[in-house]
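Protein chains: 2
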Amino acid sequence: MEIRKQLALHLRQYTEVPEQELPSVLAYFRPITVAKKANLLEAGQVCRHHYFVGKGCLRMFFVNEKGNEQTVQFAIENWWLTDHLSFSTQQKTDFFIQAVERSEILAIEFNAQEPMFQAHPCMERYFRRMYEIAYRVSQQGMKVRYNLSGEDLYLHFINAFPGFANRIPQYLLASYLGITPEYLSEIKKKLRIGSREG
Amino acid sequence: MEIRKQLALHLRQYTEVPEQELPSVLAYFRPITVAKKANLLEAGQVCRHHYFVGKGCLRMFFVNEKGNEQTVQFAIENWWLTDHLSFSTQQKTDFFIQAVERSEILAIEFNAQEPMFQAHPCMERYFRRMYEIAYRVSQQGMKVRYNLSGEDLYLHFINAFPGFANRIPQYLLASYLGITPEYLSEIKKKLRIGSREG
Numbered sequence: 001m002e003i004r005k006q007l008a009l010h011l012r013q014y015t016e017v018p019e020q021e022l023p024s025v026l027a028y029f030r031p032i033t034v035a036k037k038a039n040l041l042e043a044g045q046v047c048r049h050h051y052f053v054g055k056g057c058l059r060m061f062f063v064n065e066k067g068n069e070q071t072v073q074f075a076i077e078n079w080w081l082t083d084h085l086s087f088s089t090q091q092k093t094d095f096f097i098q099a100v101e102r103s104e105i106l107a108i109e110f111n112a113q114e115p116m117f118q119a120h121p122c123m124e125r126y127f128r129r130m131y132e133i134a135y136r137v138s139q140q141g142m143k144v145r146y147n148l149s150g151e152d153l154y155l156h157f158i159n160a161f162p163g164f165a166n167r168i169p170q171y172l173l174a175s176y177l178g179i180t181p182e183y184l185s186e187i188k189k190k191l192r193i194g195s196r197e198g
Numbered sequence: 001m002e003i004r005k006q007l008a009l010h011l012r013q014y015t016e017v018p019e020q021e022l023p024s025v026l027a028y029f030r031p032i033t034v035a036k037k038a039n040l041l042e043a044g045q046v047c048r049h050h051y052f053v054g055k056g057c058l059r060m061f062f063v064n065e066k067g068n069e070q071t072v073q074f075a076i077e078n079w080w081l082t083d084h085l086s087f088s089t090q091q092k093t094d095f096f097i098q099a100v101e102r103s104e105i106l107a108i109e110f111n112a113q114e115p116m117f118q119a120h121p122c123m124e125r126y127f128r129r130m131y132e133i134a135y136r137v138s139q140q141g142m143k144v145r146y147n148l149s150g151e152d153l154y155l156h157f158i159n160a161f162p163g164f165a166n167r168i169p170q171y172l173l174a175s176y177l178g179i180t181p182e183y184l185s186e187i188k189k190k191l192r193i194g195s196r197e198g
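Residue numbers (the numbering used here), protein chains in the order written: chain A, 1 to 198; chain B, 1 to 198.
These are computed hints drawn from the structure, not numbers from a lab.
Treat the hints with care, since some could be wrong.
Because identical chains cannot be distinguished in the list, a pair is counted as satisfied if it fits within a single copy or across any two copies.
[As the list claims (entries may be wrong)] Derived BS3-like pairs (lysine-lysine); straight-line CA-CA distance at most 30 Å:
no.: 1; residue 1: K5; residue 2: K188
no.: 2; residue 1: K5; residue 2: K190
no.: 3; residue 1: K66; residue 2: K5
no.: 4; residue 1: K37; residue 2: K5
no.: 5; residue 1: K92; residue 2: K5
no.: 6; residue 1: K55; residue 2: K190
no.: 7; residue 1: K143; residue 2: K188
no.: 8; residue 1: K5; residue 2: K143
no.: 9; residue 1: K55; residue 2: K188
no.: 10; residue 1: K189; residue 2: K92
no.: 11; residue 1: K92; residue 2: K190
no.: 12; residue 1: K66; residue 2: K55
no.: 13; residue 1: K92; residue 2: K66
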């Protein structure tokens with residue numbers, strides 16, 4: 001499916017876009033194909049885009065004080081991703097946004113966002129609901145991270161996002177869960193044994 | 001200041017509310033005075049309100065597997081707070097929302113939200129921006145929590161929210177930072193010594 005059509009379907013799940021407005025709305029979003037491991041954003045740059053994933057997978061990470069990449073978010077089909085601090089203030093970011101797989105995405109520029117909202121109030125509703133969902137997921141994530149052990153965190157993740165855990169490199173998943181790749185592989189081994197015995 | 005006036009000022013920082021719509025908009029929000037330590041929401045209930053803090057301070061917490069209260073969020077003047085999962089799905093919550101101080105708040109009911117958005121599109125813009133900011137803060141929080149030691153987390157917190165750290169009970173602040181009250185008091189002692197020597 002053409003990626004703008006995919007966005008149009010997604011818009012219509014969350015807001016009413018008048019038929020005559022749709023072409024103008026979609027024109028704000030520019031399709032980009034991004035190669036596996038290519039960076040859309042690098043630390044020190046200003047984040048100028050908000051990204052919608054049509055196909056593939058993006059991740060956002062920073063380089064921590066030990067020099068390791070720490071993944072803080074993934075975005076798959078029909079998810080939005082940006083560094084909201086850098087995007088909304090147009091100040092330099094500490095984050096990288098990278099394609100985990102070859103990905104087809106749409107990008108809207110910071111400067112295009114306000115004209116779009118002014119011309120198309122239906123998009124206020126769409127993004128109100130997108131941010132609400134993103135924030136809801138993040139609130140639940142906080143609870144999970146405070147409360148769960150590495151093993152339970154992994155179980156929560158594979159239940160919350162079925163199929164996704166096997167799709168991404170396991171060292172990235174471990175980093176996201178805040179555990180070592182070795183510990184993740186121990187957990188998976190233990191769970192496999194558990195499910196065979198159970 | 002009357003709390004609805006305070007909300008009106010806040011609305012106008014983020015959206016244009018036509019003068020003739022304002023009374024109708026404000027009528028969706030019901031003032032509540034809540035005593036210190038009173039619960040607005042308890043685990044097992046459905047979260048029916050989204051709260052705006054006019055004066056005072058609310059916190060959201062859950063009881064973790066060890067039986068301890070784990071604070072995940074605070075809300076002070078001009079902040080919004082709810083459990084978005086329970087609020088938007090109208091399913092039972094795992095969270096408590098409690099007044100840290102005697103607080104004056106406004107509450108909008110779940111059932112009133114959609115009629116308000118339909119009647120007043122300016123409120124879509126307002127909440128789009130509120131959620132965007134909340135999500136931005138949460139994204140930065142993720143980075144901070146992955147990266148910082150207890151001491152740096154405390155320094156980050158007192159810089160990001162000046163004056164706030166001294167206002168709330170220190171055991172709540174420690175819980176929010178994910179450290180013990182004893183460790184927090186060690187950190188503060190060390191920083192006081194550091195600043196005297198520095």
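Here is what the structure says about each hint:
no.: 1; hint: K5 - K188; result: neither (38 Å within a copy, 55 Å between copies)
no.: 2; hint: K5 - K190; result: neither (43 Å within a copy, 58 Å between copies)
no.: 3; hint: K66 - K5; result: neither (43 Å within a copy, 49 Å between copies)
no.: 4; hint: K37 - K5; result: within (26 Å within a copy, 51 Å between copies)
no.: 5; hint: K92 - K5; result: neither (32 Å within a copy, 36 Å between copies)
no.: 6; hint: K55 - K190; result: neither (33 Å within a copy, 50 Å between copies)
no.: 7; hint: K143 - K188; result: both (23 Å within a copy, 26 Å between copies)
no.: 8; hint: K5 - K143; result: neither (36 Å within a copy, 34 Å between copies)
no.: 9; hint: K55 - K188; result: within (27 Å within a copy, 48 Å between copies)
no.: 10; hint: K189 - K92; result: neither (42 Å within a copy, 34 Å between copies)
no.: 11; hint: K92 - K190; result: neither (43 Å within a copy, 32 Å between copies)
no.: 12; hint: K66 - K55; result: neither (32 Å within a copy, 41 Å between copies)
no.: 13; hint: K92 - K66; result: within (21 Å within a copy, 41 Å between copies)
In this structure, the earlier hints numbered 1, 2, 3, 5, 6, 8, 10, 11, 12 are contradicted, and the remaining ones agree with it.
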